[in-house]
Amino acid sequence: MEKRRTVGAELASARTNLDKSGATSFTLHLSDGKGRLAAALSKGSDGASKAVTQAVLGGGITVTLDPAGSRTLQQLGASQGTSSADVTAALKKVNFSLAVRDSRSALAELRLVGGVLYAHVDLDEITRVAKDGGATGVKDSITSATQDPTFGPLVKDVRAGQWITLDVTPYLKQLSDLAKSLGAQPTTPAPGSTIDTAKIGKDLLDAVKPYVKITDANDSSSDRVLDVRVQLRPAAKAALAVLKATKGIPGLAQLLTVDDAAVDKALSDGTVDGQIRLTDGHLTQLSLDLDSVRKAAATPSSTDLAGGKVVDDVDDRASPVTAPTDVSSFDLGALLKQFLSAGLGAGMPSAYSG
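Residue 159 in numbering that gives the first Met the number 0 sits at position 160 of the sequence shown, and the numbers go up by one each step.
If you're looking for bench data, these hints aren't it; they were derived computationally from the structure. Honestly, I wouldn't trust all of these hints.
Computed spacing ranges between beta-carbons, pair by pair [said to hold, decoys possible]:
(1) K42 <-> G247: 41 to 51 Å
(2) D258 <-> S143: 43 to 53 Å
(3) L204 <-> S140: 40 to 50 Å
(4) Q284 <-> A197: 19 to 29 Å
By construction, the Cβ of each residue, glycine as well, lies at the ideal position given by its N, Cα and C atoms.
Between the sequences and the hints, there should be enough to build the whole structure, so can you do that?
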């Protein structure tokens, strides 16, 4: 009989398999083992209808990362420059998709393939969910939009199930310049600097490791289940210390003003619980117990969420992200050029090339 591997060996194997993987998907969804999430969502006069609750609990969000060419997922974490040229080059190295589903079908999907952005929206399903939620006039608004001289052709194509597309790489610098002209604060380091995301991740893991306890929840070697408990208050403080000591991380200015006293005020001295599932050395699922998150607040809400989980299903052998073929001929680039050159007050040109 094959000797059962230690927890450490299992996690190391899962990390290795994830690092060397190609296309990898992460699907976030909710699990409601005791029906208390459904009760919380539909509670009170402002609560969601039964149909909308079912649509939410039966849906999910799937993110797929697909390193272009022969690259691996690990190589995507290498240091990257932050100038517009660096970002353009980075967009060519990874294909990406984001799909949002309800219990019946995909509501919307974005794909980024070779620096070209594709978007698909199921207007019929969105209309159905909106109607179930009590919203009126959505269908009429969509019908009215088809009559718009500028956007009407686009709405008709979307309604017919076509994808809309835009090559974003030519506009990165212009968009950045426009944001600065409107008074937006820069969220990236100086051009030419790099961010070593792999090192940051390792530093964060090392910092919180003393406050994480992982134990076996079953005896299977091929389908391993590990219980995880995190002392959230000290772990949060340790993670903040790492982020404050790391220079040049974009978008964290507000977070880095949080001090230990604020953490003590916001969080109780308890644990947040979850599970890790591994199958034959591959990470297949992460889950987070929502009631433990509720109780981790310094002043927990009274809503019992026992049995409720946030689940992340992981597939490190996912299908590649490819460009769709049924693409609208509506030229979003023409509108974006007009917006960038003349601002919001300018008239819009005709953008339909069909």
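Cross-check of the supplied hints:
1. K42 <-> G247: 41 to 51 Å: Roughly 44 Å apart at Cβ, these two residues keep to the hinted range, so it holds.
2. D258 <-> S143: 43 to 53 Å: 51 Å, holds
3. L204 <-> S140: 40 to 50 Å: 47 Å, holds
4. Q284 <-> A197: 19 to 29 Å: 24 Å, holds
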